[in-house]
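Use the sequences and the hints to build the structure in full.
Number of protein chains: 2
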Amino acid sequence: MDKVAIVAYETSKFIKQSDASIFELSCQPCIGIFKRTAIDRSEVDALILSSCCTDQYGSTIVSEMLRLRPRISYRVDNLCNSGTTAITSAFSHISAGLCDCALVVGAEKSNNTSAQKLRWDITRGCFNLPIHWASIFARSHMRNFGTTEEQMAMVSVKNHKNSSKNPTALFNKEVTLQDVMNSRMISEPIKLLDCSSICEGSSALLLVSKKKVKQFTDNPVWIKGIGHRTTCASFSQVATDLVSLQSTRAAAEQAYKMSQTNPKNIDIAELHDAFTIMEILAYEDLFFTQKGEGGKFVYQEKISVNPRGGILGCGHPIGATGIAQTVEIAAQLAGRAGKTQVKGCKTGLVHNMAAAGSSSSVIILGT
Amino acid sequence: MDKVAIVAYETSKFIKQSDASIFELSCQPCIGIFKRTAIDRSEVDALILSSCCTDQYGSTIVSEMLRLRPRISYRVDNLCNSGTTAITSAFSHISAGLCDCALVVGAEKSNNTSAQKLRWDITRGCFNLPIHWASIFARSHMRNFGTTEEQMAMVSVKNHKNSSKNPTALFNKEVTLQDVMNSRMISEPIKLLDCSSICEGSSALLLVSKKKVKQFTDNPVWIKGIGHRTTCASFSQVATDLVSLQSTRAAAEQAYKMSQTNPKNIDIAELHDAFTIMEILAYEDLFFTQKGEGGKFVYQEKISVNPRGGILGCGHPIGATGIAQTVEIAAQLAGRAGKTQVKGCKTGLVHNMAAAGSSSSVIILGT
Chain A
1 MDKVAIVAYE TSKFIKQSDA SIFELSCQPC IGIFKRTAID RSEVDALILS
51 SCCTDQYGST IVSEMLRLRP RISYRVDNLC NSGTTAITSA FSHISAGLCD
101 CALVVGAEKS NNTSAQKLRW DITRGCFNLP IHWASIFARS HMRNFGTTEE
151 QMAMVSVKNH KNSSKNPTAL FNKEVTLQDV MNSRMISEPI KLLDCSSICE
201 GSSALLLVSK KKVKQFTDNP VWIKGIGHRT TCASFSQVAT DLVSLQSTRA
251 AAEQAYKMSQ TNPKNIDIAE LHDAFTIMEI LAYEDLFFTQ KGEGGKFVYQ
301 EKISVNPRGG ILGCGHPIGA TGIAQTVEIA AQLAGRAGKT QVKGCKTGLV
351 HNMAAAGSSS SVIILGT
Chain B
1 MDKVAIVAYE TSKFIKQSDA SIFELSCQPC IGIFKRTAID RSEVDALILS
51 SCCTDQYGST IVSEMLRLRP RISYRVDNLC NSGTTAITSA FSHISAGLCD
101 CALVVGAEKS NNTSAQKLRW DITRGCFNLP IHWASIFARS HMRNFGTTEE
151 QMAMVSVKNH KNSSKNPTAL FNKEVTLQDV MNSRMISEPI KLLDCSSICE
201 GSSALLLVSK KKVKQFTDNP VWIKGIGHRT TCASFSQVAT DLVSLQSTRA
251 AAEQAYKMSQ TNPKNIDIAE LHDAFTIMEI LAYEDLFFTQ KGEGGKFVYQ
301 EKISVNPRGG ILGCGHPIGA TGIAQTVEIA AQLAGRAGKT QVKGCKTGLV
351 HNMAAAGSSS SVIILGT
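One line per chain: the protein sequences are A and B, in this order.
Using our numbering, read the first sequence as starting at 1 and increasing by one per residue.
Using our numbering, read the second sequence as starting at 1 and increasing by one per residue.
Remember, identical chains collapse to one label, so a pair may be satisfied in a single copy or spanning two.
Think about it this way: if two alpha-carbon atoms lie no more than 27 Å apart in a straight line, the pair counts; the simulated DSS-like pairs of lysine-lysine are: (1) Lys3 <-> Lys210; (2) Lys257 <-> Lys211; (3) Lys339 <-> Lys264; (4) Lys210 <-> Lys257; (5) Lys346 <-> Lys211; (6) Lys211 <-> Lys3; (7) Lys346 <-> Lys212.
In case anyone wonders, no lab produced these hints; they're calculated from the structure.
Note that the structure is predicted; figures quoted are calculated from it, not measured.
What follows is the structure, given as structure tokens:
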């Protein structure tokens with residue numbers, strides 16, 4: 001297997017909504033990468049678009065708008081887990097020797113409601129909205145392990161604090177524990193500030209083969225481990241014990257094995273905190289801590305978790321989220337994360353997920 | 001790069017329309033493959049869905065319906081070129097060492113009109129329907145090279161003759177030269193029987209790594225060469241000379257190079273005959289014959305072209321087409337093509353394309 005590096009990345013400012021088309025949105029971070037790297041357009045031999053839009057042949061349209069003529073170009077749809085799936089696709093094309101330079105771009109408009117309702121669940125008479133399964137996970141974790149609403153609220157406090165320093169985040173204002181606890185109850189025990197917000201945004205990464213790395217940087221970030229698992233399409237099938245994300249556990253085991261590392265070596269991580277309880281579950285299911293200890297783990301400071309502000313602080317442009325998470329970790333490891341920079345991090349982890357953990361991805365990056 | 005083999009395949013009967021959902025349709029050929037191979041469900045570690053449907057997270061839904069828990073699972077959208085793109089994705093995951101058994105399934109409903117109109121072209125004020133660019137290609141080829149309407153009609157006659165023996169084809173009736181020439185003129189010089197028909201259908205392939213092959217067959221078909229090129233999203237950008245498919249030429253060159261073969265060694269091929277003129281262009285742009293000689297090439301018998309009946313004879317379920325083309329060539333090389341079997345073929349080629357050749361794929365298979 002050939003080594004694959006991330007050599008350039010950019011995330012556009014996440015916002016509530018604009019008049020830009022999904023295609024214009026997709027171009028924004030790519031143009032930033034072109035400016036920064038001075039890459040020749042003819043060198044880009046793959047463009048993978050991650051989006052849950054209903055528009056057809058978006059990857060081809062974005063290629064034309066960017067004046068690219070890639071060999072391989074297509075759109076990946078895998079719900080909130082689309083971004084890292086697209087990265088794995090680009091990694092695979094390069095690793096298999098079919099490409100040398102792959103641009104991976106994720107983009108979503110907030111007015112695309114088709115991916116925000118889980119039709120497969122709804123047609124089975126349950127779980128109209130993601131918050132319903134988040135609520136079940138939260139209650140179950142509280143009942144089984146004594147996890148508290150305050151611990152969940154602290155996830156939101158921490159991530160909003162981080163996003164306050166992130167210029168591309170949707171939310172640039174800190175929130176207090178009281179703000180979260182006093183925010184409107186949506187589906188007990190989940191309050192408004194326990195939830196992430198759907199928004200519009202885009203993010204892109206340039207992946208290259210080992211032989212191309214030197215052209216771009218002396219300081220590449222390598223993709224060291226990849227793990228994926230798809231367990232099902234519906235919450236009724238996903239949660240055998242209602243307190244763990246089986247797909248995340250399986251993906252993490254694969255990624256640790258492939259990268260020959262373990263949770264103790266992770267310095268920094270972006271976790272899929274679509275709801276505060278999901279970050280607590282992720283602590284446990286990525287093996288950062290024991291099952292049941294996730295509530296207390298929010299106070300730890302050894303691993304920097306969600307340094308960009310996570311999904312809670314940055315907003316959730318569905319197809320862009322996994323890309324933006326990976327951009328943050330790559331930037332951190334390269335020492336280019338700006339105001340959110342964490343000192344001395346060498347090994348980072350990205351955890352991206354689809355609804356209720358029906359599928360999960362874990363990508364481990366290192367210098 | 002690890003070798004990848006095709007060890008099982010199945011195509012459902014292509015029909016005008018049914019009440020089956022896109023998900024049920026996707027399951028049909030996969031269930032056939034499960035029965036035939038006795039593969040354990042737990043061995044399938046990737047499921048890639050090729051479809052231009054607007055439904056979200058289809059690959060996850062199909063995985064759940066089939067009781068699979070793949071590692072990697074997503075949907076690929078790349079217009080009429082989706083099928084071979086999905087095959088390349090599965091090839092790459094296996095070749096990169098991330099998976100060992102990948103199921104690739106293509107499916108389309110005929111009532112999904114979103115991929116049948118080329119919005120990117122239409123919003124630019126031209127080419128409401130694919131037939132408009134097909135008509136320009138045909139007139140241009142006739143003007144430049146003296147290609148005749150009879151030669152184009154012969155493509156339809158040949159392909160309908162082949163599809164008359166193919167139980168999964170939409171059309172099982174031969175047509176005569178007179179039938180084609182007398183069929184209704186749609187957009188001069190393209191007549192009704194020069195056009196393929198949108199239809200409903202599904203098709204699936206099982207790709208495995210070299211180490212897994214023996215478990216399934218002593219007679220594998222290997223993916224020997226892959227070529228892709230995306231030139232643009234619109235006809236106005238695609239056709240610099242109006243008589244060739246630049247993306248097909250680039251994809252063919254790559255695939256021949258990777259497989260260390262050349263057009264003279266191709267015994268059998270499925271070409272993207274969405275319109276009769278497109279098969280004539282493909283003869284030339286795959287280097288089977290010289291530019292301008294495509295019209296005469298329809299009478300040759302050295303290479304078996306479109307043995308299943310091509311898109312003209314089989315119908316065009318958009319996301320399934322590239323898969324069904326590859327199924328046919330794999331079956332032919334394995335000597336399992338039933339009534340359409342061509343004797344003694346050893347090297348086969350698949351040519352799949354999106355609108356007007358805006359992107360092309362070429363896959364070369366061999367025993």
